Amino acid sequence: MVEREMKIDESKCVGCGQCVPYCPVGAISLADVKAIIDEDECVECGECQKAGVCPVNAHVRPAWTKPGSTQMPEEVPRVLRYWWSDPQGVFPWTGIGGRGTQEMKTNDVTGRFTDDVVGIGVEFGRPGIGSRLSDVEKASVRLAALGVSFEFDSPWTHIIDSETGKLKDPRFGKERVLSCIIECKAPMEKIAQIYKALMEVAKEIDTVFTLDIISKCREGRILVKPLLDEARIKVRINGKTNLGLGRPLIP
Amino acid sequence: MGGGGRGVDPSKRAKFVEILLKHNPVGLSTSDLETRRRFRYVKGWEGSKDSGIHKSAPLEEIKACKTLSGGSAVFANFEDVKAVIKELVEADLGASVVVSGIFDKVHEALKEAGKDPHTVNMSAETFGRVDLLPEPKVLEITTMCGHHMVSSNLVKHLAGEVKEERMTAEAAAVEMAKQCTCNFFNVERARKLLTEYISFF
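First to last, the protein sequences are chains A and B.
Heads up, the first sequence is in our numbering, so the first residue is 198 and it goes up one at a time.
Heads up, the second sequence is in our numbering, so the first residue is -5 and it goes up one at a time.
Bound conformation, chain B alone (with noise of 0.2 Å):
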């Protein structure tokens, strides 16, 4: 979920991400108006993990920041999302709003708050070179990251990691997660679908 950005007031898009922090976010970015220092936050990702230029940001921090400018957030439970959207309609920032996640639930948590979608944007299959795809269970993880930061190669280096016990999953879909700069990947599902995709072989 993403918005509160340019053209709204600035109070209002505190007050965007003001909103998505109150409703467990396992990942969130925004940024300070003032300082324009950009905050990543991931479940799980302390400190101690940063590397390169993936620098975490700790809850805590961000909720101090009074100047915060727009963002977005990544919910590991649906009630969660239905709540924020509820939230947004009834707070009406007057800025744009975009959900990822399934048409017909999202659709159905607008309508319980008293609207209608806007626009779509709906992805057909994959075609081409379908053959060069990883294997689906990879993908799943993979596609997280719109931008395709996170390898497959990575997912199965890491998936062998957490096999040879050698790194927990969370520790795992964390390193993912850093990857994606964007900050959209999902380290909870992350998680699960590593557990998944190990238990196979």
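Only chain A is shown next, with the shape it has when bound in the complex (with noise of 0.2 Å):
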């Protein structure tokens, strides 16, 4: 039997629970003696088997289309939750693993963000509570009407229409997963416009999200702090730091 979700073999389970509490979303249960797993809100991660705690092999994940095959109709939109929650799922349209790119992690290389940019991350669903992707959808249509520039290798590009922000397929919205980054760059002083958008859609949300502010530095000060301070956009005291020790691509 070939799965298209992820499950617990009712005829080899023991009931014994000891998978329940490694699901990030809590989404197995024990019923009349048997681990079950609620498939609407399963996020497909695969944490459940990979723990290895199952003394049965009871966990039966799907055999998901490796990148580069065809992929099969009847996988989408389900897979989508693979390719966003699982870290190891590889995106087909961009070879990358995870949900995300390697965003500042490589500027000191890439050059990808300059002195007047700022570089936004919302973070749908983290920490540990999952979102659906029409969440993340509402955040999106808003940051593409204040014409940000949504990165092209970021996943969630590739599933949204980049003038309007929407969706490109309506069944992606029901989908569930364990956290989606939309990636996007400004000009640094959209900034504020772009706060206040995001905490508009926070009253909308069935979910959390985190921000991620890039921004290049200079002299040992962060460039867009000044007009962080000046939105009264609080940021945490600790974060990435890029220490600029690889060499530009372009000189």
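These are calculated hints, taken from the structure and not from any lab test.
Some hints here could point you the wrong way.
[Stated by the list, open to error] Quick list of the computed label-pair ranges, beta carbon to beta carbon:
id	chain 1	residue 1	chain 2	residue 2	range
1	A	Gln215	B	Arg30	28 to 34 Å
2	A	Arg429	B	Ser42	41 to 47 Å
3	B	Gly154	A	Val287	34 to 40 Å
[Claimed, not checked] According to the in silico footprint, chain A covers these stretches of chain B (three or more CB under 8 Å from chain A):
id	region
4	8 to 14
5	46 to 59
6	88 to 94
7	122 to 132
[Unchecked claim] Computed, partial: chain A to chain B, Cβ under 7 Å:
id	residue
8	Pro221
9	Lys247
10	Lys302
11	Val306
12	Ile326
13	Val405
14	Cys414
15	Gly417
16	Val432
17	Arg444
Since we're looking at a predicted model, the values are computed, not measured.
Here a beta-carbon is modelled for each residue, glycine too, at the ideal position from N, C-alpha and C.
Got two chains here, each in a separate frame; can you build the complex from them with the hints?
Here it is, written out as structure tokens:
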């Protein structure tokens, strides 16, 4: 039998419940001394199987089509859950693993974010709540209206119309993922507008999101910081720093 | 801390990991360029605790590999991070290096090494249905895995096991770290946070 969703083989399950706490979205429960997966809540991350705690190997994972092969129509849209939720899943159109790109991690080499540009990452469903893609779309539409530039290599960009931010296929909206990042950039002076628009979206969604703000530094100063202060946008004291040790592709 | 990847000369990629290995990492992830085997080291994770897809690699085995290909490491002590930054600046490998940590401290360490930061990625607050989030103490642990493969229910379950003395806090922290396949979970910090958490109930 070819499974199209993560399943627990009822004939094997001994109801020990060991896999239950491993599910990142709490989609596994015990019913009638058997573990069952709520298929609507499951995000296809495969964590329950990967943990290897089942004493009888009852977890059956779909054999998702490998990148480069022709996608079987019956896998779509369910396979979107796997692409966004399993860090080892490889997004077929970019060949990149995971839900996002290298963003600022290689900015010293690529020069993707320049002095006058701010990078934005809107991470839906994180931390640990999960998100329907329809909620991500709400932010995507607002950002598109503000004229942001969606990152080409980001998986999200491949399933939307970049002009409107809307999903190319309305069926995708009901799919649920562990997290999904919208990656884009905009002129730095737009940061307050972007923040305001996302605060409006926050009132309309049934999940959480975190906002990443990427900025270049000069002589130890974070270039976007004065604009964040002016707009009263608070950021955490910790985050990622690219040390600038890479060789630029264009010197 | 991660870096030393594609586009960089293989010998320099190996040098990058050598530097990480010298400064007491509590977690390290790399791979062998020749065999493509991926190594995951987490302090306290021994082969007897391997399960499912999660396989541990002892530091000795990683050190013995001559064709390491970039990677990442986690440190429990900022003095070690400072020493790594200093050595990486001096080594001038030409590879992008990213450090996750408190900006002021990382930037100060970088300045001491004679460099300014290039780009930062800052996080604003969490927005939307924050009422759905687990309690802050649990969240402090789960968010150490950026992909959130360490579930809040697992943290609560293992906290119960430690409280009932069926497991040590060290073993519970390792079990959590195993689920973070990218290997950025700080097992030492998890042990401390878990010990604090169980003191509340």
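**Prompt:** Hint by hint, which ones does this structure get wrong, listed from lowest number up?
**Reply:** 2, 4
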